[in-house]
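With chain A held as given, fit chain B onto it using these hints.
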Amino acid sequence: MSVIDITYGQLLMSLIFVIIVGIASVRLQLDLERDIFWGTIRTFTQLFMIGYILKYIFAIDNLYLVLFVFTGMIFFAAYTVRGRVKEKSIPYFVPTFLSMFASYMFVTIVVTAFVVQVEPWYKPQYFIPLGGMVVGNSMTAIAIALERIFADIRRGRDEIELYLCLGANRREATSKITKEAIKAGMIPSINSMMAVGIVFLPGMMTGQILAGVDPITSIKYQIVVMLMLVGSTAIGSIVVAFIARNLCFNKAEQILLK
Amino acid sequence: MLLELIDISLTFNDNALFSDVSLAVDTGDLIFIGGPSGSGKSSLLRLLNRLNDPTSGQINLEGRPLTDYKVAELRRQICYIHQTPVMVEGTVKQNLLLPFAFESLRGFRVPTDETLIELLHEFKLDDIALSDQAMVLSVGQKQRLAFIRALLLQPKALLLDEPTSALDRDSRLVVEEYVERLAGQKNLAILMVTHLDFKPKHMKARRYILKRGGLEERAR
Chain A
1476 MSVIDITYGQ LLMSLIFVII VGIASVRLQL DLERDIFWGT IRTFTQLFMI
1526 GYILKYIFAI DNLYLVLFVF TGMIFFAAYT VRGRVKEKSI PYFVPTFLSM
1576 FASYMFVTIV VTAFVVQVEP WYKPQYFIPL GGMVVGNSMT AIAIALERIF
1626 ADIRRGRDEI ELYLCLGANR REATSKITKE AIKAGMIPSI NSMMAVGIVF
1676 LPGMMTGQIL AGVDPITSIK YQIVVMLMLV GSTAIGSIVV AFIARNLCFN
1726 KAEQILLK
Chain B
2 MLLELIDISL TFNDNALFSD VSLAVDTGDL IFIGGPSGSG KSSLLRLLNR
52 LNDPTSGQIN LEGRPLTDYK VAELRRQICY IHQTPVMVEG TVKQNLLLPF
102 AFESLRGFRV PTDETLIELL HEFKLDDIAL SDQAMVLSVG QKQRLAFIRA
152 LLLQPKALLL DEPTSALDRD SRLVVEEYVE RLAGQKNLAI LMVTHLDFKP
202 KHMKARRYIL KRGGLEERAR
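Here the protein sequences line up with chains A and B, keeping their order.
Taking our numbering, I'd label the letters of the first sequence as residues 1476 to 1733.
Taking our numbering, I'd label the letters of the second sequence as residues 2 to 221.
Quick caveat, the hints were computed from the structure, so don't treat them as lab data.
Hints are not guaranteed to be accurate.
Stated by the list, open to error - Straight-line alpha carbon distances no greater than 27 Å define the calculated DSSO-like cross-link-like pairs of lysine-lysine that follow:
#, chain 1, residue 1, chain 2, residue 2
1, A, 1654, A, 1726
2, A, 1733, B, 94
3, B, 71, A, 1726
4, A, 1651, B, 94
5, A, 1651, B, 71
Chain A extracted, bound-state conformation:
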């Protein structure tokens, strides 16, 4: 590969950008200097840390280590989702985490084992970045679907109760709401299929091109990634929406959501 390595001296040169921003912040009294400072420090330390961790994981090339790291990523994704959804009355964290785990594992394994045909399928250099994209993208989809379903059940309480009073079960009483929540989760990844290559060049593809990979090879990877993300956001939104919907009712078809 013909990629030019960046020396530490060259890396420090890129600080020029944050210095400009820092000066602008002082002169315009934006009061952002502290954030810029800490943001820069964190960018350096966090990325160096993950760089060395990945280097270590790639070197060891061990199935259990890869699964451990992937599980950790999914756990933090589920945790982030919980922070965003802020629903207190329904215990959805564990089921959400488990269904995220099952669906992301499935999608990532299909991509590495069958589409890209990596040997072995868990080769960390492929599994971790591809899995990471799956987790990062569908995490947002799952948060949207969950927020939507809880908000709509709460807002549509009277109508849901009417359905229940007339002899509907929870599926019949919430079919519209569940559908809308799943769609809300899926739409962003479908929309990005429309815009890719014209409105934006995806980071993964540009990264590969910078690393000296043939553009045709890199767009093939990007196509796999786009379709993989549509699949994982769809599976994630559907599974989580149904689980969350079921958790909002008890056996006697009473609404539990407060």
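Okay, now just chain B, sitting in the frame of chain A:
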């Protein structure tokens, strides 16, 4: 005995709404439940079709505990009508026939347009067509549609939660007149939570007051 409430208590967030309430309801009964707001009148009604369950005590339908019934089937038989009528997006006909798409009503004969039109007429809704949008109707018209929708399910009991409190005088009179007729003619028990003093002309109603956590019968 159609419905039997035995020593029912209900507690919400450590607040006892009422306790040891007992009541027997027979087919053909017309029962009014009054009492100050917040005394738990609506909550009491909601226990009868299991929108909620009592904290303690037992409720029987025809001798069997409510929990023995499939909840969807129970709710069809013990039909609850909300204080403010709820209509869904769609036509009058779609609203009236809504429950007939549910699993629990599979095998039920879907009422014909003639039946629906006849019922609209009985509720003095002749100026409404089956193809009209239900959402744009007045509250009074919607509440009468809610009654028709409930009656199409052939319930054994109707639970009415202040069904006339949101209505104008005309709609209220139509609904009250019909409640009275229903109570007298059909094989049906009616339990009605009410603030306004509705005095049926031909029917005798049993009146109860729910206050200070207990249910007391009032002289007629």
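The hints, checked one at a time:
no., hint, in the structure
1, A/1654 x A/1726, "22 Å, holds"
2, A/1733 x B/94, "33 Å, violated"
3, B/71 x A/1726, "10 Å, holds"
4, A/1651 x B/94, "19 Å, holds"
5, A/1651 x B/71, "24 Å, holds"
The structure does not agree with numbered hint 2 stated previously, though it agrees with all others.
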